[in-house]
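Student: For reference, the chains in residue letters:
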Amino acid sequence: MNDFGPIFRTLLRNKLGALLIALQIALTLAVVTNAAFIISQRADDVARPSGLDEPNTAMFITTLFDSNVDQKQLRRDDLDALRGLPGVVAAVPIQSIPISGSGWGEDYYTTPEMTSDESINFGMFMVDEHGLESLDLELLAGRNFRPEEMTERSLDSFEFPRVTIVSEALADSLFPDGDALGKTIYDEPNGEKPIEIIGIYDHMQNAWPHSDNVDRTALIPAYANFGGQMMYLVRTEPGRRDAVMAAGEEYLAQNRSRIVETVRSYEEQKRRTYGGDIAMITLMSTVIAILTAVTGLGIVGLAWFSVTQRRKQIGTRRALGATRFDIVRYFMVENWIITSIGIAIGIAGAVTLNWFLDTEYNTGRVPLWYLPAGMIALWLLGQLAVLLPARRAAGIPPALATRSV
Amino acid sequence: MFSYYVALALASMRRTPVLTSLMVLALGLGIGAFMTTFTVYYLMSGDPIPHKSGVLFAVQLDNWDPNSPPTESAEDVQPQLTWQDGLNLMRADTPATRQAHMYSTGAIVVPEGDDPPFDENIRGTYQTFFEMFDVPFLHGGPWDSRADEERASVAVIGRELNDKLFGGENSVGRSIRLDDNFFKIVGVIDDWQPTPRFYHSDWSRAFQDTEQIFIPMTRAIDEPMAPRGNTNCWAPLDESVPVIEAFLKSECVWTQFWAELETPDQVAAYKDYLDNYVREQKQAGRFPRPLNTFISDVNEWLDVMGVVGNDNRVQLRLSFLFLVVCVLNTVGLLLAKFLGKSGEVALRRAMGASRGAIFRQNLVEVGTIGALGGIVGIGLAWLGLRGVESLYNGYQHLVSLDPVMLATAVGLSVAAAIAAGLYPVWRVSRLEPAGLLKTQ
Numbered sequence: 001m002n003d004f005g006p007i008f009r010t011l012l013r014n015k016l017g018a019l020l021i022a023l024q025i026a027l028t029l030a031v032v033t034n035a036a037f038i039i040s041q042r043a044d045d046v047a048r049p050s051g052l053d054e055p056n057t058a059m060f061i062t063t064l065f066d067s068n069v070d071q072k073q074l075r076r077d078d079l080d081a082l083r084g085l086p087g088v089v090a091a092v093p094i095q096s097i098p099i100s101g102s103g104w105g106e107d108y109y110t111t112p113e114m115t116s117d118e119s120i121n122f123g124m125f126m127v128d129e130h131g132l133e134s135l136d137l138e139l140l141a142g143r144n145f146r147p148e149e150m151t152e153r154s155l156d157s158f159e160f161p162r163v164t165i166v167s168e169a170l171a172d173s174l175f176p177d178g179d180a181l182g183k184t185i186y187d188e189p190n191g192e193k194p195i196e197i198i199g200i201y202d203h204m205q206n207a208w209p210h211s212d213n214v215d216r217t218a219l220i221p222a223y224a225n226f227g228g229q230m231m232y233l234v235r236t237e238p239g240r241r242d243a244v245m246a247a248g249e250e251y252l253a254q255n256r257s258r259i260v261e262t263v264r265s266y267e268e269q270k271r272r273t274y275g276g277d278i279a280m281i282t283l284m285s286t287v288i289a290i291l292t293a294v295t296g297l298g299i300v301g302l303a304w305f306s307v308t309q310r311r312k313q314i315g316t317r318r319a320l321g322a323t324r325f326d327i328v329r330y331f332m333v334e335n336w337i338i339t340s341i342g343i344a345i346g347i348a349g350a351v352t353l354n355w356f357l358d359t360e361y362n363t364g365r366v367p368l369w370y371l372p373a374g375m376i377a378l379w380l381l382g383q384l385a386v387l388l389p390a391r392r393a394a395g396i397p398p399a400l401a402t403r404s405v
Numbered sequence: 406m407f408s409y410y411v412a413l414a415l416a417s418m419r420r421t422p423v424l425t426s427l428m429v430l431a432l433g434l435g436i437g438a439f440m441t442t443f444t445v446y447y448l449m450s451g452d453p454i455p456h457k458s459g460v461l462f463a464v465q466l467d468n469w470d471p472n473s474p475p476t477e478s479a480e481d482v483q484p485q486l487t488w489q490d491g492l493n494l495m496r497a498d499t500p501a502t503r504q505a506h507m508y509s510t511g512a513i514v515v516p517e518g519d520d521p522p523f524d525e526n527i528r529g530t531y532q533t534f535f536e537m538f539d540v541p542f543l544h545g546g547p548w549d550s551r552a553d554e555e556r557a558s559v560a561v562i563g564r565e566l567n568d569k570l571f572g573g574e575n576s577v578g579r580s581i582r583l584d585d586n587f588f589k590i591v592g593v594i595d596d597w598q599p600t601p602r603f604y605h606s607d608w609s610r611a612f613q614d615t616e617q618i619f620i621p622m623t624r625a626i627d628e629p630m631a632p633r634g635n636t637n638c639w640a641p642l643d644e645s646v647p648v649i650e651a652f653l654k655s656e657c658v659w660t661q662f663w664a665e666l667e668t669p670d671q672v673a674a675y676k677d678y679l680d681n682y683v684r685e686q687k688q689a690g691r692f693p694r695p696l697n698t699f700i701s702d703v704n705e706w707l708d709v710m711g712v713v714g715n716d717n718r719v720q721l722r723l724s725f726l727f728l729v730v731c732v733l734n735t736v737g738l739l740l741a742k743f744l745g746k747s748g749e750v751a752l753r754r755a756m757g758a759s760r761g762a763i764f765r766q767n768l769v770e771v772g773t774i775g776a777l778g779g780i781v782g783i784g785l786a787w788l789g790l791r792g793v794e795s796l797y798n799g800y801q802h803l804v805s806l807d808p809v810m811l812a813t814a815v816g817l818s819v820a821a822a823i824a825a826g827l828y829p830v831w832r833v834s835r836l837e838p839a840g841l842l843k844t845q
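From first to last, the protein sequence lines stand for chains A and B.
The letter at position 41 of the first sequence is residue 41 when you use the working numbering, and the numbering goes up by one with no holes.
The letter at position 262 of the second sequence is residue 667 when you use the working numbering, and the numbering goes up by one with no holes.
Incorrect hints may have been included.
Claimed, not checked - In silico DSS-like cross-links for lysine-lysine, where the CA-CA straight-line distance does not exceed 25 Å:
| no. | chain 1 | residue 1 | chain 2 | residue 2 |
| --- | --- | --- | --- | --- |
| 1 | A | K193 | A | K183 |
| 2 | A | K193 | B | K654 |
| 3 | A | K312 | B | K746 |
FYI, nobody ran anything at the bench for these hints, they're computed from the structure.
With the hints as constraints, model all of the structure from the sequences given.
Tutor: Have a look at this one:
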């Protein structure tokens, strides 16, 4: 590195040009680290398991518009038909779909004295005894619902269930000592509406993926008859989902007193629910790609130009005994110095930008290891970008030095 | 002279095609990215009803759980009202010019003939809605106030639905079947799409289409047609009465309420009125929290509701930094390019061109690069907006490039290029011709 000194002094002669690249590098580092952080956060969110057998699950939503039809009988017929379709593992009537963005939030109270600010909020799902299997939930303790425990909820009657099965996360929130099974809890303050926890399942997310209690869920044995809307969730054997969706739709559509609003795979529903996050991931990835390309091309352009400007000097150096490698190294070291200055400014920039985004828009704090990762990436980018012009410089013949003098 | 400079600029750009295309591309990318996010942001934060946004006020009453955290601003209060409070205010003689209570519901539309039934969102509201929000009518008009009192089966439908059901004919006087019931059409609305759809409370759908069916809220409740959208409850329902009755008189919030207040005096009087209303209700044992009522005009309301998402703001900020990087890039490239022109500049100076002339000539070149960058940027912004449209559900009213945006894009690009070029151009115009000519 004994030519570091001369290279640095040469840079000082064209301070502005070097500073411009350094600033570009700095801003690129600041933007790229923050964008990459946003991507990783969103990707983590989307990748969380819902608890369902995602690739083999489909949902059907239908709405009845003829009040003369017996909705309860229709539901029994629908379920018989859906459960009889080839390829169906299990089917359940349900009033909302996990991670669909639309659901029912409730509070459980562990003691009659508890007030509403102390109660535990969770996502409630009304299902029958096929719920566990349809939602692919593993019963860790206790038992499933029994048919005689089912209740009906409608605008005329509001039967109250006596039992519930809760997620492990909800069980732990309600009873941190881990002895939730068999306990009596309350659906309302003042000890009204006691419910027994008869089972605990492993994990299922509620309807709102961005809620802070996304893992606290519970099943209750109830049929929902609000308006004409009826919703079914069907789990299929691997590879049979699309066929089941088509056959199920065909069956449901036979009844002319209703419309089949939605037939959708669970994967598609998840993509829709996370649409904003997926969009953010795509946009931030695009920003990183294009920004890196612009900065890289800028370095190529400027180095190319500087090679053209210094043809004579390079020829002279070659004539005085510098090897091709010396010339390449000159440009690489020059770029390394500029990039390093940029990175030094960029680290401050990245931290400031993250502080701003976090304070204003709650994006969270970038973990520290993003900075060295970004630094290495930009050093590599600079070195790669300068390689092509540097090789061109190395190709300048020593004889050039003698020509126009 | 200008056209001569443009010709010189084009000739100079042809001499360094790589450098020139790099500059145009960099500027274009920067402008394209920025214009994409800016267009979305600009349309999102736009005033949906500019001529009336200052006189329309959303009403919030804090009827919530006494155990919830204390209320400090309108953001902490439920954005919706209970049905009973809305009904009481509609019936009262308040200082407001107009008031409208409303909620979101839906039904299956069953067309005559063989066309398949389909689901439609419906707004249950009052006759005042249409005049208050300046809804344009194609045929007929709003129902009269008697229809609200008598819970009449009347409907106002949108142009799109009118085209679908009646082939675009004047359908006033005909009827539409919603679930089991027939509603008489009294008016057909022309295209009407306030962006964002501010009167609504479902902000995840703030940029989707307006409803195609409006019916009296009194009639919809009578049916009852269940609310769609958020319903929030904190107190248990009264179980001594039928569910629907218990729900209607509950503390559950699921309706929206707007008031038209034309003068500051009226605003103050209305606010007092609301405060007194809540005090009265407190005596009846409701509203257990401290007195908190809020009225917000349309633009304040959009802020309270946080219509422009944090993601949009982050995108706008990052794309602005992106544009800055592209401009820095262009400054560097321009500096390089112009210093490379020293010889030519020296020659022109020696031939009698003044410094000012050199400055102007090169500025024209920079401006030309900027204009080209702007055009590339518009193309890229168009592509970017198509991309954004496909990424987000319900952005269909947010991704149009209007003339203002197009002009802004080109203007911004030229401005960015000239800002980027000012120093290089100044440098090159200060060159001393003698020294440079000697070395040639």
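Student: Run the distance test for K193(A) versus K654(B): straight-line Cα separation, threshold 25 Å.
Tutor: Satisfied, since the Cα-Cα distance of roughly 21 Å is no more than 25 Å.
Student: Take the C-alpha atoms of K193(A) and K183(A), compute the straight-line distance between them, and say whether it is at most 25 Å.
Tutor: Status holds; Cα separation ~13 Å.
Student: Just to be careful, I want the Cα atoms of K312(A) and K746(B) compared with a cutoff of 25 Å; is the pair within it?
Tutor: Holds: K312(A) and K746(B) sit about 17 Å apart, inside 25 Å.
Figure legend: structure checked against the earlier numbered hints; every hint is met.
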